[in-house]
Every structure is written in C-alpha cells, then in structure tokens.
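My request is simple: use the sequences and hints to build the entire structure.
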Amino acid sequence: MKLDTCRDVFINTKKLNARLETAAKRTEEVESQLAEARQPNPELERLCRENYDLNARLDKERNELKTRLQDVSEQVDIFKAELAKAVASNAKLEELREKRLNGLKARLQALAPVICSSRKRSAKNLLDGNESRQQPHCKQRFGQSDDNDESLNRVSRGGDRGLDQSNNNKKGSSFGEFGQSNGKKRSSSGGSPGIRGFDGVQSNRNKEDSSLSSK
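The sequence shown begins at 1 in full-length UniProt numbering and counts up by one.
Since the hints were made in silico from the structure, they are not lab data.
Check the hints yourself; a few may be wrong.
Now the in silico label distances, taken between C-beta atoms and shown as ranges [unchecked claim]: (1) 85 / 110: 56 to 64 angstroms; (2) 66 / 27: 52 to 60 angstroms; (3) 63 / 41: 30 to 38 angstroms; (4) 105 / 65: 52 to 60 angstroms; (5) 91 / 56: 46 to 54 angstroms; (6) 109 / 88: 25 to 33 angstroms.
Nothing here was measured: the structure is a model prediction, and the numbers come from that model.
Beta carbons are placed, not taken as given, at the ideal position from N, Cα and C, and that holds for glycine.
Dropping the structure here:
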C-alpha cells in the first residue's frame, strides 16, 4: 500500500512539474510581448496623431455646419415671412383684378346695346350705299342720266366752241388794233390807210360760232 501511494505521488509530482514548466514558458512569452509592446512604435504614434487631428477637424466642421444650418434656418424663416406677404399681396391684387374685371364686364354690358345699334346702323348705311350704287336712278340724283348725256355733250361742245370763239376774238382784236395803228401811222405820214379787213372777217366768224352754239 505504501509503495503504491509513493508511486502515485511521484507520478503526480512529475505531472505538476511539467505543467509548471509550461506555465513558466508561457509567462516568459507574455513578458517578452509586454516588453515589445512597451517599446515606442512610430507608426502607431503617427496613426494616433492622425486620428486626433481628424477628430479635431471633424469637430470644427461640425461646428461650422451647425452655424451655417442656423443661418439657413434664419433665412428660411425670413423667406417664409416674405412669401406670406407676397401671398397676401397677391390675394389683394387678385381681388382688385376681379373687381376691375367685373366693372369692365358691367361697362361692356351697358355699352353692348349702343355697340349693336351702331353696328346695325353702319350695316344699314352700307347696304343702302350698295343699293344706291346698284340702282340705275342713282345717276339722276347727280344729274347724270342717260337721257341727258347727249345734252351734256352738246353743252361741252358748245363750251369748247365758246373758248375757241373767245380766243379768236382776242386774236381778231389784236389784228384789228394792229391794222388801225398801222393805218393811223400811214395816214399821218400821207400813205394809204391801214388794214381794215380783219374786223369784217372777225364779225363773220363770230356770227358762225353763235349760230353753231345755238344749234
């Protein structure tokens, strides 16, 4: 019994020693890792500084965005107030426009009978004018009927002959005066009398023209 007990104690002691050695090795490894971790790491320090700078920048931008958002909210409030004023003014203008439109409609309705009567009157005058131009007796109103066309032509021919006669009278009188003046000069100088035949020719011409005009 004692031998078995001693043998078990010895076996257990060996096992414990092996475990202790394994734990010691692990302890050494952890201590070495801790020693390495305690040494300064430039890359880690750089990353930490970058992280700190980034956080500071984010905080600054966050504050700026809050300020801008506050300004925008104030501008939105101002815009809302101006929009409300514009809506109220637009409503007033719409009401005024409606009143003016109703007034114009009333005036147009009041003027509608006058416009219709004036249009009817103008249309009637236009129709009367067309009928007067189409009717044959419209010439008689102005003294230009077909019956007296020949008389008008005669009168016009007589007027032309009257103008010719007046021109001939002027020419004859001028020739007669010329002949008398020459006759006076010749009689005063002792010569033959002047030309006296123009007066007779002129009187005969006047008689012919008067007879033609009477016809």
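Each hint tested on the structure:
1. 85 / 110: 56 to 64 angstroms: 37 angstroms, violated
2. 66 / 27: 52 to 60 angstroms: About 53 angstroms separates the Cβ atoms of residue 66 and residue 27, which means 52 to 60 angstroms holds.
3. 63 / 41: 30 to 38 angstroms: 33 angstroms, holds
4. 105 / 65: 52 to 60 angstroms: Given about 57 angstroms between the Cβ atoms, the range holds.
5. 91 / 56: 46 to 54 angstroms: For residue 91 and residue 56 the Cβ distance comes to about 53 angstroms; the hint holds.
6. 109 / 88: 25 to 33 angstroms: The hinted range 25 to 33 angstroms holds for residue 109 and residue 88, with Cβ atoms some 32 angstroms apart.
The structure does not agree with numbered hint 1 stated previously, though it agrees with all others.
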